[in-house]
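Going by our numbering, the sequence shown opens with residue 11, and the numbers climb by one from there.
If you're looking for bench data, these hints aren't it; they were derived computationally from the structure. Heads up, the beta-carbon is just placed ideally off N, CA and C, and yes, glycines get one too. Be aware that a few hints might be false.
List of simulated lysine to aspartate or glutamate pairs, EDC-like, C-alpha gap at most 20 Å [as the list claims (entries may be wrong)]: (1) Lys79 to Glu135; (2) Lys79 to Glu31; (3) Lys79 to Asp133.
Taking CB as the label site, the calculated pair distances span [unchecked claim]: (4) Glu82 to Glu19: 39 to 47 Å; (5) Glu82 to Gly171: 38 to 46 Å; (6) Ala203 to Ser95: 33 to 41 Å; (7) Arg219 to Gly171: 20 to 28 Å; (8) Thr136 to Glu100: 20 to 28 Å.
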Amino acid sequence: MCSIILGVEPGRFWLAANRDELLARPARGPFWWHQGFLAGRDEQAGGTWLGLNRRGLAVGVTNRFGAQKHPERGSRGALVVDALSHPSVESLHAWLGALSPGRCNAFHLVYADGARAGVTWSDGETLTQEWLGEGLHVVTERSYGAAEAERATRLRDALGGSAARPEASTLQRLLAVHDEANPLAASCVHLSAFGYGTRSSAILFPGERFLWAEGPPCVTPWQDLSGLLQSPNAAAS
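Using the sequences plus the hints, can you model the full thing?
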């Protein structure tokens, strides 16, 4: 599960996200992949959960709550890698429309560039697509009818339902909110008894600023990785 906050404004967008995952699952922080995009890497399956390519296309994924799991299917992170090969939202949206719903387990894929934004989601059997207009969009594993989306509602309400670009400090605080009574409704998840929780956080103002927390944002110092936005030469395989 993950939380993705997307603000779509005229000619630009901003994004903030938390990645929730098994604590023992190995991962690497953001770097420029040889394919030409900036993203962290899931060292277990080799994919990623959030990235930005050289054309300014950002892509993020969450799983989908309650859907049947098929171990033989491909990685959702590999889907993000393939998505980031596209030059634009228009191109990606068209490609996804022909995707087999059985390629990977159920997902919500969110994507934006300076021109458009969209979402493609699958319950594992059927694929659905929507364009996302100007405004504030919050997507979690419980979105699009999967379950009661309390976390998404809280995040949207905390931003007043507005897509106006907030201060980075506002997003940092928002991504670090806990709820001891209902941990899965909080933006920052701590379920140590299950070996699960928020593993990293990202705040992206494309072309301007990129902030990263390599751990739960409630206790992990934020790093300013904005220099990476102008340094696509730091590639790795």
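Handout entry: Proposed proximity, Asp133 with Lys79 (alpha carbon, max 20 Å)
Key = 10 Å, holds
Problem - Consistency of beta-carbon spacing, Ser95 to Ala203, with hint 33 to 41 Å - result: 39 Å, holds
Practice task
Would you check the hint for Lys79 and Glu135, treating anything up to 20 Å between C-alpha atoms as holding?
Solution key: Holds, at roughly 11 Å.
Exercise for the section: Can you let me know if the beta-carbon spacing of Glu82 and Gly171 is within 38 to 46 Å? Expected result: Once the Cβ atoms are compared, 41 Å apart, the range 38 to 46 Å for Gly171 and Glu82 holds.
Practice task
Decide if the proposed pair is consistent with the structure: Lys79 and Glu31, CA atoms, cutoff 20 Å inclusive.
Solution key: With Cα atoms ~16 Å apart, Lys79 and Glu31 stay inside 20 Å; holds.
Practice task
Return holds or violated for the Cβ distance of Arg219 and Gly171 against the range 20 to 28 Å.
Solution key: Given about 23 Å between the Cβ atoms, the range holds.
Problem - Range hint compliance [Cβ, Thr136 to Glu100, 20 to 28 Å] - result: 23 Å, holds
Problem - Outcome of range test on Cβ distance (Glu82, Glu19; 39 to 47 Å) - result: 41 Å, holds
Of the hints listed earlier, there is not a single one the structure fails to meet.
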